[in-house]
Amino acid sequence: MAEEKYETHDYDVVIIGAGGAGLRAAVEASAQGARTALVCKSLLGKAHTVMAEGGIAAAMGNVYPEDNWKVHFRDTMRGGKLLNNWRMAQIHAQEAPDRVLELEEWGALFDRTHDGLILQRDFGGHRYARLAHVGDRTGLEMIRTLQQHAVHKGIDVYMECNLQRLLTDGGRITGAFGYWRETGKFIVFKCKAVVLATGGGGKAWKVTSNSWEYTGDGVTMAMDVGADLMDMEFMQFHPTGMVWPPSVRGILVTEGVRGDGGTLKNTKNERFMFNYIPEFFRAETAETEKEADAWYDDKKNNRRTPDLLPRDEVARAINSEVKAGRGTPHGGVFLDIASRRPTEYIQRRLPSMYHQFKELADVDITKEPMEVGPTCHYSMGGVRVDADSTATTVPGLFAAGEVAAGLHGANRLGGNSLSDLLVFGRRAGLYAAEYSKTVKGAVDVDAGQIDLYARELLSPFESKGKENPYSVHTDLQDCMQNLVGIIRTESELKKALDVIGQLKERAQNLKVEGNRQYNPGWHLALDLHSLLSFAEAATVAAIERKESRGGHTRDDYPNTDPKFAKINIVMRRKNGDLTASQEPLPEMPDELKLLLEEKK
Amino acid sequence: MAAQQVHMQVWRGDGSGGEFRDYRVEAGEGMVVLDVIHAIQAQHANDLAVRWNCKAGKCGSCSAEINGKPRLMCMTRMNTFQPGETITVSPIKTFPLIRDLVTDVSYNYEKARQVPAFKPKPKEADGTRRMFQEDIDRVQEFHKCIECFLCQNVCHVIRDHEENKKNFAGPRLFVRLAALEMHPLDTNDRIDLIKQKAGIGFCNITKCCTEVCPEHIHITDNAIIPLKERVVDRYFDPIARLMGLFSEKKK
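As you go down the protein sequences, you meet chains A and B in turn. Letter 334 of the first sequence, counting from 1, is numbered 334 in the working numbering, and no numbers are missing. If you count the second sequence from 1, you need to add 1000 to reach the working numbering.
Do not take every clue at face value.
In the DSS-like style, the derived pairs of lysine-lysine whose C-alpha atoms are separated by at most 30 Å in a straight line are [what the hints assert, rightly or not]:
1) B:K1195 to A:K153
2) B:K1093 to A:K358
3) B:K1166 to A:K185
4) A:K358 to B:K1069
5) B:K1069 to A:K153
6) B:K1111 to A:K153
Derived by calculation from the structure, the hints in this document are not laboratory data.
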């Protein structure tokens, strides 16, 4: 039935999202012999991965032979305030080097060490220089390499195709439904397994490094078919986004600036990060400027500069400095590499930062400091997955990359995202393909379900309301920025829930102009469904965690609480209602616990 | 600079026709053309079709012709225009229009599919890949390409001659082919493709592509001319042709 009405395709595995995780999953699923489709909202090669700057964390030991997976595991767990899924952190640290080397086999050209190996750079929270990189455009190298490899493998790619609903039968995945952006016509995928690789939902915040694509689609689609979400309270505010001029506020400034020697200063010219070293990291952090500066060249005898504390710590510190009146007039702090490194070095190591500031802010970063402040960047939480297989709690549904929860715990270390995409993207493709082989016979999709979704997607055209989708989106961004930001408190979070409720009402009365052909107003109207769901889940989870940890800071509960150290906030939708529960972390094996206890 | 009103004429229409329409919005400090387009979308034309992603010159999605000049909208500051100047924004011309500022760029993806894949030589005896920075510098320049297709858009071989698209890959693909041909590990041979299917002979080195590249890749000097030389060596150099009888290696 459905086939007659809508364009319909039949695959074993459908992958939604073509950033690093989706591309790597597609390559793997296809290599396993699964009939694979890769579906993405933008043109191929434009996904968020392309914006990643600093590098891919992998303990290859090319610069520091002392580095190995155990140290990377420890750094990741400590960076995540020990709330990470230990098994994911272990797999990630163990497999990342192979995944990087694999990119080289597919044509990637990383910057080199003097003896011709892949060069690795310093980043926050990593004990050794660990990030494989290409200047400050590592994401571009990674996505292009994967994209070209996938194209040569003949994988079917559906570009500018926006999947909006998952199809299920008896609680099991049978396909996905959405529309072509170009024509607005509907498309049905019948398949045995779906891999979500859709990224996060940072476009619900106002000051954000995220693009229009980050509307929380994967989290929402998973939630709507009954999958568990986890850790949704943990949102990473990257400490260094641009702050001036207003039109570029939020655009990312790579942590590589600090990795390569840049330092944060307030308007009194103080390197204020020395005043914000938390007890948790005191033993491994330099106490004096002299030691911090010496650390760049000699890691054996010096401890890491506090400029490279994990992102949650640095973002909070900047926030405090600005609040204390030591911020710049534009509400940021200074990031200075000009006075610390030669021009030639800055231009070679950070070419795109140089270009970005020069073109967009009239600032020459080789001569003057940058102005930076926190920007909404990354969702640690997302869909709950099995550590080994990336399977969600819904049969046939897998998730990898930012959309999945667990690896990063309460806070992600820089560089651990690109490696996450590769390691768990591959696993998602592998296990989705394996799962699809266990599904016997053809899957069938429910024509009634599809018709219902088609009506939902067309409803903005038929509504008699007058709400402008752009205004609703702007109001949501203001709400999340002001009430669910870096520093949170119960009364504001509850107020945010009220506002989100009102916005949901308004989203029922949207007015969309024009027709279905490439219509961004209509697309945004549809995306509001997922943006609002994502925002609601993040807010409910934030109310539930009554402590401060990682990317979740509560003004009313400013300390970590040992009780919350042992639990994840898990959410699911039941009969339309979103419920949150506290569930115990998986028990870590003793040999891994020992790795965490090791001194510096 | 206080907020001031800007007057923008934006192309609205689809494959069947269209026109420039006038919009007036407030422009704030530091705004780029893409910000103004977004303001128009939010305030006056919810359905104005435009592609964008990163808004920082890294993804190459928002290519357009601004006052007739091919540019990224996200990297074109409003303060580069005269106060009160009317600014026109139209879709890139070389590719078929879908709607408003969005064009069908599938040509580029089809040409990319025809490029023979990267094929690395065996690893070193110790199992590693050793390459030195000075050997990869020139290829890394090509890897900076963000696939904005502005070079394709200005290339007169295809801009004004639809019929050439069949037999010509365009500057973006020459950059890609040069990246593969000069990759220290690659062993595949693409010289025939470069001459025949990719049609490098059509290029007469007017450097329009180099001029518009937002990544400042020296497309003509560093990619196209060396590829032309390789084609000449293979096809027209008598000694090389003789050697070619004994060896199929490319370098």
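How the hints compare with the structure:
1. B:K1195 to A:K153: holds (24 Å)
2. B:K1093 to A:K358: holds (29 Å)
3. B:K1166 to A:K185: Between K1166 of chain B and K185 of chain A the Cα gap is close to 29 Å, so the pair holds against 30 Å.
4. A:K358 to B:K1069: holds (21 Å)
5. B:K1069 to A:K153: With a Cα-Cα distance of about 37 Å, the restraint between K1069 of chain B and K153 of chain A is violated, given a limit of 30 Å.
6. B:K1111 to A:K153: Holds: K1111 of chain B and K153 of chain A sit about 15 Å apart, inside 30 Å.
When held up to the earlier numbered hints, the structure conflicts with hint 5 and nothing else.
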